[in-house]
Amino acid sequence: MKKFLMFAALTLGAASAAPFVYPAAWFADPASQAKSGGEVRGTTLSDYKTLNPFTSAEANSLPQLMGDLTAGLFQQDPTSGDFIPFMAAAMPTVSNGGKRFTVKLRPDMKFSDGQPITADDWVTTYKIDVDDKVGSNARDSFFLNEKPITVKKIDATTLQFDFPAVSASAYSIMSYAPWPDHVFGPVYAKSGAEGIKAMWGISADPKTIVSPGAWVITSYQPGQRVVLKKNTYYGQWVHDSAGKPLPYLDTYSIRIVKDLNADLAAYLSGQTDVYAPTKADDLAQIKKAIDGGNLKSVLVPNVSPNSTSSWIVFNWNKSDDLFKQKIFREAKFRQAMSHIANREGMIQLALGGLGTPVYTSTYPVFKNYQFADTPKFEYNLAAASKLLSDIGFKKKNAAGYLVDASGKELSFTLATNSGNTVREQLGSIFRDEAKKVGVKVNFTPIDFNNLVDQLTSKGANRPFDAILLGLSGGTNIWPYGNNVVPCGTNLHSYNAPANGACLTPQETLMTKLYYQGDQTLDVAARQKIGQQLSKVEGQLQPVIYLVGTNFHVTYTNRLGGEFKRNLWDAYYGTRPGVFVTTYIK
Amino acid sequence: MLVFLLRRFLNSIPTLILASMLIFFVIQLAPGDFLTPARLNPAISPQQLENLRRSFGLDQPPVIQYFTWIKNVVQGDLGLSFQYQQPVLAIAWPRILNSLYLVALYLVLFYAIAIPLGVYGAVKQYTLGDKISSGVMYFLLGFPSFFLALIVLYGIVQLRFATGWAIPTGGMTSDNYSTLGTFGRFWDIFKHILLPALVVAVGDVAGFTRILRGQMLEYLRADFVRTARSKGASEFIVIYKHTLRNAIIPFVAGLGGQLPALISGAGFVEVVFAYPGITPMLLDSINARDLYLIAGFNILTVALLIIGNAISDILLSVVDPRIRYS
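Going down the list, the sequences are from chains A and B. Per UniProt numbering, residue 1 is the first one in the first sequence, and the count goes up by one each step. Per UniProt numbering, residue 1 is the first one in the second sequence, and the count goes up by one each step.
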């Protein structure tokens, strides 16, 4: 019986040799309305650095656009957050206690040069990515706690992934883009890492570039413009719900615009189709142009919070100043600091009203990891004073600052990177509010690189009191930073002794919960662990989270093919992939 | 002349060495390196950072890095850009070319505006026209060109709204550039660079015009001008041949400085107009601490400065009969 079921499953898998179909339920308009052809005109603020997927380091790079954003074994369904098969023909067979994944590939997939995409391409990509001489940014994603994940070819259309441990991120780890073995394989075999690094520089001939995804580069003018054409082979395995091949568009052109003002000017004057507004001023100008009839665009402010936040971290390792070390290690002190943070004021003054208060390390956009029972220490100066008096700061000195029983003043230096006006304003607001309860904050913006040196320093005596900075990114799969939460990791910045040991039982518990959640494949069970972790984190307040920016959307009325409005957010964006389902009305 | 040039060349070697050391170590003095921002990336592990540091050669002491670099520079290799993983010249050269177009038009506009205005101010001293042009010049002198560029940009967008004219707001070419013929391409680029070039030129004209006016005034009262007039030379010849030729000598001496300026681009105006010149790229590389790109470009500029000064010395001997190199 078991054998029969297995056989049935295999034949079913083979029978699903159909293209990937974007579900109609995701989209605002029916697929039947879509027209083929046309061009979308976008912009980017920084120049593209390379076409090489293995040496590329920036966000929004061309290799990413041609690869990871439109190709990969699985993708997340924005309606549920679940992974669904994309380049995989079906969900994988999971064995070995959740550590082995056998994935059947969707048949008939081809690279932009017409060569078939096979298991070899995933294996070669993996091999080059994990070679430390290549220096690929993707290298770390193929290791779990320094133990490698292995990728093996079973046959031309079957891959086998073996994880050293069960991993919550298994599906996203497996979802990397396959780069062509027939291009990179021979070079790697002959000249190794050096050969790979020398390939596909930014001035490479576009004709030699082969893409697995929806777009392939056709021309690049340094600092000016990139033109991408649709990979016609992509439509053979990616369809809309009406059965039409994707992408609909012929061309996606990207202007390189160094300056935000020029970017906005190009959008306002109708020369580009999309714009990513970040400031209240931008939104106001776009709205004015739309209201004045000069710009025919959709504008939706405050779609969702972004996956980013600013925070303040206190240094627990100050062996040269035991007074400060003691108060920084005091949970009540940090809770008081959270009470002092006037997050609404920060949003109004520093972010022009366009932001979201943040209380934990999981950004509010990850809705599935926000829990009602996570402690929050909201703006409340009276509560802050109470907490500070609990730890011995009951009286004020002549200057109006709190002092302990021995007369020592409660003061510390808060640093941020100079030149970041938002952070400079957040810091000033915090300083002013702190003064109201009698805490003296010496707020000093310093050079960014110095600041990072201080933050990432290790040892018993690290050279700072408190730092205001921000981090961003992450996924909604397990949104706790892998080198932020566990003790001893690189950005576990509040407590970084030389040996990386935890100091408090809560830290130890958080480290344990982090790895436990990271090694849980079941979504509901993982969220339960997340709930516990958030609770401990909220109580301990190792980092005081302040505010995050919001995600705003604007695009010209020419464009169709976006998600239903309720699916938009900073994580899934407004449309799948990169303009894969976008059409010109 | 040949001996003079040879001596110039030999003299320039220690200058170049010293300059290269200064450039390299001043960049090194700043805290952090190319990989500092990566340390704030939660997705990159310390081991991987170490790998990258090794592969970029950043684990070596700065002195060793300098000697490796200078050895390559002598062989004509300015090093590899960290960001692009490509030779510095291959990255910078297309940008330098773009800047050259813009700066060439700027120079034409600059001299076309500044010389007549300076001459006019001197010849028609204290007339209403002179006062107006002086007033405008003073105003522009205190105006940073990037700010002027922002105002112009705002003006273009408003003008487009009002008229619907397709005035480019930035960049160097239109979307359909590749489909255009030779003249069409020339015209397209001209359309894009006219306003930025004008903005830089207008911003710079003030200083030059003021000094030229002063020089002209001085020479207009000189004996040889009076002699020329009394010989019956026409006013045009007196002003443009006798006076201007003398008044312009200090500027010819300064021409050497213009050569590196040619490749250094039009500064922040390039940024504001989203022009793909050298400045936006250099700003990026300074921001990213892309050591060899910054150092390579700077050493190129220093070399051009030396060459430019030699050329302006030669030109000076052509313009000024008192100077002879023999």
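Think of the hints as simulated: they come from the structure by calculation, not from any bench. Hints are not guaranteed to be accurate.
[Claimed, not checked] Taking lysine to aspartate or glutamate and the EDC-like style, the derived pairs with C-alpha atoms no more than 16 angstroms apart in a straight line are:
#	chain 1	residue 1	chain 2	residue 2
1	B	Lys124	B	Asp59
2	A	Lys376	A	Glu344
3	A	Lys367	A	Glu344
4	A	Lys152	A	Asp129
5	A	Lys332	A	Asp281
6	A	Lys324	A	Asp404
7	A	Lys133	B	Glu50
8	A	Lys229	B	Asp175
9	A	Lys133	B	Asp175
(request) Assess, step by step, whether the Cα of Lys133 of chain A is no farther than 16 angstroms from the Cα of Glu50 of chain B, and give holds or violated. (result) holds, 11 angstroms
(message) What's the verdict on Lys367 of chain A and Glu344 of chain A, does the C-alpha distance respect the 16 angstroms limit or exceed it?
(response) Violated, at roughly 20 angstroms.
(message) Tell me if the straight-line CA distance from Lys152 of chain A to Asp129 of chain A falls inside 16 angstroms.
(response) Holds - the C-alpha atoms of Asp129 of chain A and Lys152 of chain A are around 14 angstroms apart, at most 16 angstroms.
(request) Assess, step by step, whether the Cα of Lys324 of chain A is no farther than 16 angstroms from the Cα of Asp404 of chain A, and give holds or violated. (result) holds, 12 angstroms
(request) Verify the proposed pairing of Lys124 of chain B with Asp59 of chain B, using a straight-line Cα cut of 16 angstroms. (result) violated, 66 angstroms
(message) Check whether the Cα positions of Lys229 of chain A and Asp175 of chain B lie no farther apart than 16 angstroms.
(response) holds, 14 angstroms
(message) Can you confirm whether the C-alpha distance between Lys376 of chain A and Glu344 of chain A stays at or below 16 angstroms?
(response) The hint holds at about 14 angstroms.
(message) For Lys133 of chain A and Asp175 of chain B, compute the direct alpha-carbon distance and say whether it is at most 16 angstroms.
(response) violated, 40 angstroms
(message) Checking one constraint from the list: CA of Lys332 of chain A to CA of Asp281 of chain A, max 16 angstroms. Satisfied?
(response) violated, 39 angstroms
Checked against the numbered hints listed earlier, the structure breaks hints 1, 3, 5, 9; every other hint is satisfied.
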